[in-house]
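**Student:** In the order they appear, the protein sequences are chains L and V.
Oh and the first sequence: position 333 is 333 in this note's numbering, straight run, nothing missing.
Oh and the second sequence: position 66 is 66 in this note's numbering, straight run, nothing missing.
Simulated from the structure, these hints should not be mistaken for laboratory data.
Bear in mind the structure is a predicted one, so any value in this text is a computation, not a measurement.
Don't take every hint at face value.
For identical chains, the list gives no copy identity; a pair is met inside one copy or between any two copies.
Okay, derived cross-link-like pairs now, EDC-like style, lysine to aspartate or glutamate, Cα gap no bigger than 16 Å in a straight line [to be verified]: (1) K145 with D181; (2) K316 with D158; (3) K16 with D87; (4) K221 with D265; (5) K21 with D87; (6) K50 with D91; (7) K316 with E182; (8) K50 with E94; (9) K73 with D91; (10) K415 with E476; (11) K221 with D269.
Number of protein chains: 2
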Amino acid sequence: MTLYRIEFEPIGQQGKSSADKSMLECAHQLNFGIRSTCGSQGTCHSCKIKVLSGTVSGPTSNEREAFSSQELKEGWRLACQTYPTSDCKLDIPEESMVMRQRLQIEGLKVTVYPKPPVHAYKLSLSAPSVSDLQADADRLLQMLKKQQGIYCRSIDIDTLRNLSPRLRYLNWQCQVSVRDDEVIAIADWSSRQLGLAIDLGTTKIAGFLVDLNTGQLLTAKGIVNLQASHGADVISRISYAMKSPAEKERMQELAIQAINQLITDLCNDVGAETTEILEVVMVGNTAMHHLALCLPVKQLAYSPFVPAACRALDIKARDLGIHITPGGYVHLLPNVAGFVGADHVAMLLSLAAHKIKGVTVALDIGTNTEISLINNGQISTVSCASGPAFEGVHIRSGMLAASGAIEWVRIIKDKVHYQTIDNSPPIGICGSGILDTMAQLYLTGILDRSGKMKDNHPRVRTTENQLEFVLVNEDERNGRPAIVLTQQDIRGLQLAKAAIRTGIQVLLEINSLSEESIGQVIIAGAFGSYIDITSAITIGMLPSLPLNRFRQVGNAAGVGARLTLISQRKRSEAQTIAAKICYIELATAPYFMQTFIQAGYLGLYRMRNGKREEIDTNLSIK
Amino acid sequence: MTLYRIEFEPIGQQGKSSADKSMLECAHQLNFGIRSTCGSQGTCHSCKIKVLSGTVSGPTSNEREAFSSQELKEGWRLACQTYPTSDCKLDIPEESMVMRQRLQIEGLKVTVYPKPPVHAYKLSLSAPSVSDLQADADRLLQMLKKQQGIYCRSIDIDTLRNLSPRLRYLNWQCQVSVRDDEVIAIADWSSRQLGLAIDLGTTKIAGFLVDLNTGQLLTAKGIVNLQASHGADVISRISYAMKSPAEKERMQELAIQAINQLITDLCNDVGAETTEILEVVMVGNTAMHHLALCLPVKQLAYSPFVPAACRALDIKARDLGIHITPGGYVHLLPNVAGFVGADHVAMLLSLAAHKIKGVTVALDIGTNTEISLINNGQISTVSCASGPAFEGVHIRSGMLAASGAIEWVRIIKDKVHYQTIDNSPPIGICGSGILDTMAQLYLTGILDRSGKMKDNHPRVRTTENQLEFVLVNEDERNGRPAIVLTQQDIRGLQLAKAAIRTGIQVLLEINSLSEESIGQVIIAGAFGSYIDITSAITIGMLPSLPLNRFRQVGNAAGVGARLTLISQRKRSEAQTIAAKICYIELATAPYFMQTFIQAGYLGLYRMRNGKREEIDTNLSIK
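Work the whole structure out from these sequences, hints included.
**Tutor:** Right under this line is the structure:
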């Protein structure tokens, strides 16, 4: 098949592609991300590109919906619907690009005495001779026992494959890394013992490089989960993986590719070799866990939504394709249920949830939001499909929390005051900005309690038959599209926030508790760390409680992963917590539907048995 | 690079090859064997082919040595020296073909109570439901404990990857195979539990398919070790593997490729699935062991000749590329030294060597011959580089023990009486035939004690300046080359047999024993099973003892492998034996050189302190 040269401007990347590959696939082959959240269905309209030169396939019906005929004439197209018919030059607008994002990687400060599962021992061996013919591996194991009192039953096969030349190169002075009763690595005396904690999120993957012996965090970084190009939420990813074994493997490859890139980046940061990493702990939601391990996901997609495995797993990194020391392991913390994963267990571990006194609600807001209610050490947990709206997905001007995203908004009279990440010129609006805008629209009366927008403000206008609030207009952006929040966006956000509020409410009712009895609300996750709690309460996403009861703890799942990386005791605590959790299927809870409908309303209110009781705004906030 | 079509007659196989690949490489790519014992150096002249049509590269100096100018004109060439320059048709004479050989796979009959390391348990699980959300793996392990009292700590990752669809397909009735505390396979209730014992020889690989629960041998087969195309003996193979990591990997691939073919053949034989094989035991000499595992071999090639590992190993079959059930293991019995491998340990185990009363000599004759002297349970062992001569390699008319090989010879007056394998027309002479011929030549006075050939017989002639004895002449073969034993062949065979006799002698002297004190001589291995003991004694390869003290036991290493396949107790006995063995470096033994020189003589004699004392023939044989 003929190959065409495709150039992507303004990035300047180029590659070859054939007529049967869409521009989106071509970009992914070149390993740079064009946003796409619908799994190339042509429905999310987030992969907009402009054809600058060359010929392409004709516009599809989805593209006729996405663009006016004028725009189509100008060359605007959806990358997932467009195929080259000659060499092409394309313009990728900033809005369509997946950028390196800001990432919440600071977590709770928890201290633990390090006792990692891998320990290194220094050995001094004598070289073999005609009078001492012992084999290399036997010699090593014997001296490990003699000099260090450590009995090992086996040597990893990859380690064994390098052992003989390695020992000679090191002049028989070596450092032996032992895990359980297995030798997993041989290194020189100066080699470090590093560990890696990974928080495998649906959207983002966070990595923490740690000194295994001291527990010290050496560096941390985030990277986009490359699976995102096949759908923004876990359901689309599962559907994709269910298409065929090849597509399931592709999903694994994408996750592992990102993880390996992250490993390289982290190691470069501190001048380490990737082989100095001896152990990995990985946490993620159950779907991410299964996709990264290439476990079957079909049974996750259909009732009763059962995971292939919940229990903690130890898998050779090479069996997953993860590039650390060849004999090293990946430890996966236990999952709880089909939609409550090890990341939630890790978060609860970082909070020492099983030891908390009183009533605590702990939630990690993401495309899927897991919420636990801890009632004097008893833990009940629900999972809400809150969707990716708070990550800017399926929102007209939404974007991830990257440079140029509006993250803070206040509406004072006719004027909109906002702040962007890095103070860059605004290009979209991210989760915390969306939440602020919604709260401000409600407080200024542009939205009523039901979420209906009124045309009572100079920045409200009608476009394509629906009302929208204009944060930044076309003129302010020098002719580029305005940044807006539409009536349709509001409806989507109401569903998302209703899901979260409903989750909290169901947990309270099952435990026969009232909102006021909640001693603290712990909000974890990147999004949760940046939101203005007042705004979240104002739109009724969180219950109306004194602000000092809320704690935003950042990436608590990452902290939990780090704890289990350096402490075997913490690993067993994680298993204790996972076993303790009483998982509640949200949809089967009493008053679920009524609660969910009422929880869509904006403003401050208390809930009880699916009923909503309003609170006077002036009394409870501040 | 242009690809040429190469046709091989009379087999009728054809393939594509480029100008930078020799005809030998092309044949190997097509997976059929042309003999080659020098590692493509052009020196062994065993890869003779005839170009029938097409053009090829010009003859090299090696080829000018191998062929007369007339032969070159007729198209005769060495496959390893010849490169195509157009499409070609080649004739492969029978002598140049590596054929499927006769193989000694019947061994000792030893009985053992089967207690294999893998056991399968039948389980009946209940399907998950909204009121029973336990994950599939957790459910399985819980019921394994509950229904069978078996606690497992882990599930193999490949097994886990198939678990969910498998359980549903099997309607939750499954058979769980457990090894130590790991689940390694899930199957239906009717699935068998099979095991495979492999005797990985330098020349041949023997496989034994066994029912793990009963120990019953279901079928046995042999296959050529494909590594043979890179050298006939372990030293050439090690040299090849040392060239580069790619070549080391190539050696592993060739061994594994043959093993996987063997697995397919064995399974086809009994209508089994390869995934019904749950465990493999593999024995071989140390070099074969290292090459099959892709372990480093450089330290095996230089003094003090130390193995990378001697201890028993358990390795996931998939880490070696061996196709059995994906979670299954390969168990490797312990090696003893650089040139005494697990095959010898397996042989000693099959003899229960550690329990033998009195004095026994046990030897496995091959390209490398390992000899143990068992003195009331004490075991001392040497290794002799006897070379591949007895396997027909580097012998002018030599061939492996395949159809058409002369295997039995008597010279009566002017006539040669012989017998071929399968009674096929003679095409060469194999080990047992060579030994017979040598003994007959000595007994008829054609050879003197020193091995010098005399021109005193009508079938002795001079060709290329050396004497040769003609077993079958050109006329008797309708114009094809005569089958002969040359003076140079005799010299090579003398070295080989001297090595063996020296090994026995050194062991006796170190144990301060005389030849007469040997209660039994156990001869294992394919070659050793077919030889005429009288002939072996006549040429002084074996000590002159009453014939009833000799036992030919066939593939005892294979029997040992089978014992350890079905019995964990036998595995620990093998380790006891390996630990008990006192390995003696032959070259450092007292009187080694003198003994070796004297042991080259033909005829019957006793040895002592490097001296030879002749025995009157008429007295001691029969």
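**Student:** Report the numbers of all earlier hints that the structure fails to satisfy, in ascending order.
**Tutor:** Going through the list in order, the structure violates no hint and respects every one.
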